[in-house]
Amino acid sequence: MINKKHLFKILVLLLLIGLVVPFFTESYVISLCSLGFIYAIFAMSIDVLAGYAGRTSLCHGAIFGSAAYMTIYHVTVSGGDPFVAAIYGIIMAMIISLIFAALAVRTTGVYFLLLTLALGMIVWGICQRWTSVTGGENGLRGNIRPEWLMSAEHFYYFVLALLVISGLMMWRFVNSPFGLGLKGIRESESRMRSLGYNTTLHLILGFVISGIGAGLAGVLYAFFNSFVSPSSVALTQSVKGLLMVLVGGVGTLFGSLVGAAVLISLENLVSSFTQRWPFVMGLTFVLTMIFLPSGIVGKLLTNKR
Amino acid sequence: MTFFFFQLLNSLTFAALLFLVASGFTLIFGLMKIVNLAHGAIYLLGGYITYSVITMTGNFFLGILAAVVALALLGIFEQYLLKFAKGVDLRQVLITLGLAVMINDISLVLFGGDTLSVPVPEFLKTSVDFYDITYPKYRLFVLLFGIVVFIFLMLLMNKTKLGALIRAGVDDRETIEALGVNISRIFLITFMLGMALAAIAGGLGGAFLSLYPTADSEILVFSLAVVIIGGRGSLLGAALGSIIVASLSTFGQVWFPELSYFVIFGPMALLLAFRPNGLFGKPI
Numbered sequence: 097m098i099n100k101k102h103l104f105k106i107l108v109l110l111l112l113i114g115l116v117v118p119f120f121t122e123s124y125v126i127s128l129c130s131l132g133f134i135y136a137i138f139a140m141s142i143d144v145l146a147g148y149a150g151r152t153s154l155c156h157g158a159i160f161g162s163a164a165y166m167t168i169y170h171v172t173v174s175g176g177d178p179f180v181a182a183i184y185g186i187i188m189a190m191i192i193s194l195i196f197a198a199l200a201v202r203t204t205g206v207y208f209l210l211l212t213l214a215l216g217m218i219v220w221g222i223c224q225r226w227t228s229v230t231g232g233e234n235g236l237r238g239n240i241r242p243e244w245l246m247s248a249e250h251f252y253y254f255v256l257a258l259l260v261i262s263g264l265m266m267w268r269f270v271n272s273p274f275g276l277g278l279k280g281i282r283e284s285e286s287r288m289r290s291l292g293y294n295t296t297l298h299l300i301l302g303f304v305i306s307g308i309g310a311g312l313a314g315v316l317y318a319f320f321n322s323f324v325s326p327s328s329v330a331l332t333q334s335v336k337g338l339l340m341v342l343v344g345g346v347g348t349l350f351g352s353l354v355g356a357a358v359l360i361s362l363e364n365l366v367s368s369f370t371q372r373w374p375f376v377m378g379l380t381f382v383l384t385m386i387f388l389p390s391g392i393v394g395k396l397l398t399n400k401r
Numbered sequence: 362m363t364f365f366f367f368q369l370l371n372s373l374t375f376a377a378l379l380f381l382v383a384s385g386f387t388l389i390f391g392l393m394k395i396v397n398l399a400h401g402a403i404y405l406l407g408g409y410i411t412y413s414v415i416t417m418t419g420n421f422f423l424g425i426l427a428a429v430v431a432l433a434l435l436g437i438f439e440q441y442l443l444k445f446a447k448g449v450d451l452r453q454v455l456i457t458l459g460l461a462v463m464i465n466d467i468s469l470v471l472f473g474g475d476t477l478s479v480p481v482p483e484f485l486k487t488s489v490d491f492y493d494i495t496y497p498k499y500r501l502f503v504l505l506f507g508i509v510v511f512i513f514l515m516l517l518m519n520k521t522k523l524g525a526l527i528r529a530g531v532d533d534r535e536t537i538e539a540l541g542v543n544i545s546r547i548f549l550i551t552f553m554l555g556m557a558l559a560a561i562a563g564g565l566g567g568a569f570l571s572l573y574p575t576a577d578s579e580i581l582v583f584s585l586a587v588v589i590i591g592g593r594g595s596l597l598g599a600a601l602g603s604i605i606v607a608s609l610s611t612f613g614q615v616w617f618p619e620l621s622y623f624v625i626f627g628p629m630a631l632l633l634a635f636r637p638n639g640l641f642g643k644p645i
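Here the protein sequences line up with chains A and B, keeping their order.
Counting in our numbering, the final residue of the first sequence is number 401, and the numbers go up one at a time with none missing.
Counting in our numbering, the final residue of the second sequence is number 645, and the numbers go up one at a time with none missing.
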């Protein structure tokens, strides 16, 4: 149905639609789209690791959340500039992913999933209990958007631009020799090691780069939501991001965009008439894993062949 | 000194509870090479069911029994779902993760978001005195129960035919299948056993840790830490891991209340650096 050439055309078309959307819709839809873009960046960052390095992570929500915490903390408590805060947020994400990477990259498969789950939960536990810094259950609140990003349209274009830039960068990254090295490790780590690659370092760097993506999404989320609480760091956040990747298709990057769009729309739709969104999300997860393990985009790509 | 001894008892009773959850968890992990991420949700649901049945009938043991039966049945259902992704470990684990999210949401609908405490049976409500310590009988009962389950599981694994089959399955799944053993049935029995143990833990733990909507992920992380430290599929590892994790957590809470979560993580990371498969684990 679609192949790589068509994919490029589709992406350009989507971008054009994205550029004109604010002219035709109300501000509620615009901010929903902005949220979708933020989650698309988040999901792509998970896919870099899950799809290309073969390491399915459940700690990206923690990286995302700590970047958001850092950003809001710097502006509201330390009284800093929002853009310095954004940079601090991304540095925070890098530090956390470096620590996680150093501990987790030696493991694979289910063990990696477990370990990252435990590591992510520790961050959640700290956000919950370290009340003097994180505000505990109440979280941190504060409108940190600078003046020129206040309107929904401006923020929309800002996030769209960052989505395009970070998407292109991640695409370039996974297709670079370094990214191919990651793919090689996914296929056979021992073979890559005997070819002379420092696989541990390779994976750590891959993890940190994926963590930067999650951190960027977290910073944008802080700008978007003006509020962060332990639930932004919790396992549910990682599960949501991972589900987007899985629904779209692991290892396709573009799939993460589709997955984010599907999930955010579904969440919005379901939440409009019931409070049972978590149930629907869990059900979507189970059904995807049973009936559509390669995801929407993955399915379309294989049908072509 | 009294304080230290008191905290030590707290650690041991908490360890007994953790062992109940983690033993089933580690057996499933060892045998089927998957982790049941719904284990925390099962624990919480088990606690809620125990609570409801006790408030209805007033009988503590009936409550536990109801939870065991209900969740063992849920275990059959989960095992059935997992068959759809046979042979792909990661997909199976992700199914259990989705299931965990669903079970938690159902629990929230049925039992609300308030903190509930399972009522302790009358004859365990008092405390015992020895030397200068007064300690609640109920927690000692949990400790005793944990030890009994440990002995029972050790006997089951080492002295019975079923145990021999499970151990053989942990070591080499393909070979024992080729020898004509119906491995699916062994899987199912182990799964139900693990679920039943988690349900009991929910009932027992609900009385002194109380039940609330995020209790499931807390207990899940504790059991993950136990299995990571103890090693996949090892009962002895689960017992030792439970004691280590429970002591770190209990003393951590006393000494560094804000960072207690961090305290279980340091040693876990250290251990992983030297023994990636845990204390008693075998590589996959």
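Simulated from the structure, these hints should not be mistaken for lab results.
Don't be surprised by glycine CBs; every beta carbon is placed ideally from N, CA and C.
Accuracy of the hints is not assured; some may be wrong.
To give a feel for the contact side, a few chain B residues facing chain A, derived at Cβ under 8 Å [said to hold, decoys possible]:
no., residue
1, VAL396
2, LEU442
3, PHE445
4, VAL454
5, ILE456
6, MET463
7, ILE467
8, LEU471
9, PHE513
10, LEU517
11, THR521
12, ASP533
Using C-beta positions, here's what the derived DEER-type ranges look like [to be verified]:
no., chain 1, residue 1, chain 2, residue 2, range
13, A, LEU264, B, LEU517, 52 to 60 Å
14, B, TYR496, A, TYR124, 51 to 59 Å
15, B, TYR441, A, PHE104, 42 to 50 Å
16, A, ASN271, B, LEU471, 43 to 51 Å
17, B, PRO574, A, ILE191, 24 to 32 Å
18, B, LYS522, A, GLU283, 34 to 42 Å
19, B, PRO574, A, ILE386, 21 to 29 Å
20, A, MET265, B, LEU505, 57 to 65 Å
21, B, LYS447, A, LYS395, 16 to 24 Å
22, A, LEU264, B, LEU426, 53 to 61 Å
23, B, ASP475, A, MET246, 34 to 42 Å
For each hint, the structure was consulted:
The closest approach between the C-beta of B:VAL396 and any C-beta of chain A is roughly 6 Å, which is under the 8 Å cut-off, so the hint is satisfied. The closest approach between the C-beta of B:LEU442 and any C-beta of chain A is roughly 7 Å, which is under the 8 Å cut-off, so the hint is satisfied. The restraint placing B:PHE445 at the interface with chain A holds, with a minimum CB-CB distance near 4 Å, inside the 8 Å limit. Interface restraint check for B:VAL454: the shortest CB-CB distance to chain A comes to about 6 Å, inside 8 Å, so the restraint holds.
Checking B:ILE456 against chain A by beta carbon gives a least distance of about 5 Å; that is within 8 Å, so the hint holds. A least Cβ separation of about 4 Å between B:MET463 and chain A falls short of the 8 Å threshold, and the interface hint therefore holds. Because the beta carbon of B:ILE467 sits about 7 Å from the nearest beta carbon in chain A, less than 8 Å, this interface hint is met. Annotation: B:LEU471 was flagged as interfacial toward chain A, and the flag is violated, the nearest CB pair being 12 Å apart, outside 8 Å.
Because the closest C-beta pair between B:PHE513 and chain A is about 27 Å apart, greater than 8 Å, the hint is violated. Evaluation of the B:LEU517 hint against chain A yields a violated restraint, the C-beta minimum of about 25 Å exceeding 8 Å. At its closest, the beta carbon of B:THR521 sits 28 Å from a beta carbon of chain A; the interface hint therefore is violated under the 8 Å criterion. The beta carbon of B:ASP533 comes no nearer than 18 Å to any beta carbon in chain A, farther than 8 Å, and the hint placing it at the interface is violated.
A hinted range of 52 to 60 Å for the beta carbons of A:LEU264 and B:LEU517 is consistent with their spacing of about 58 Å. Taking 51 to 59 Å as the suggested C-beta distance range, the pair B:TYR496 and A:TYR124 conforms, at roughly 58 Å. In this structure, B:TYR441 and A:PHE104 meet the distance hint of 42 to 50 Å, their C-beta atoms being roughly 43 Å apart. The supplied range of 43 to 51 Å is met by A:ASN271 and B:LEU471, whose beta-carbon atoms lie about 49 Å from each other.
Hint check: B:PRO574 to A:ILE191, Cβ distance near 30 Å, so the stated range 24 to 32 Å holds. The hint said 34 to 42 Å for the Cβ distance between B:LYS522 and A:GLU283, and at roughly 41 Å that hint holds. Evaluation of the 21 to 29 Å hint for B:PRO574 and A:ILE386 yields a pass: the beta carbon distance comes to about 27 Å. Checked against the hint of 57 to 65 Å, the C-beta distance between A:MET265 and B:LEU505 comes to roughly 59 Å, which is consistent with it.
A hinted range of 16 to 24 Å for the beta carbons of B:LYS447 and A:LYS395 is consistent with their spacing of about 20 Å. The hint said 53 to 61 Å for the Cβ distance between A:LEU264 and B:LEU426, and at roughly 60 Å that hint holds. A hinted range of 34 to 42 Å holds for the C-beta pair B:ASP475 and A:MET246, which are about 39 Å apart.
Checked against the numbered hints above, the structure violates hints 8, 9, 10, 11 and 12; every other hint is satisfied.
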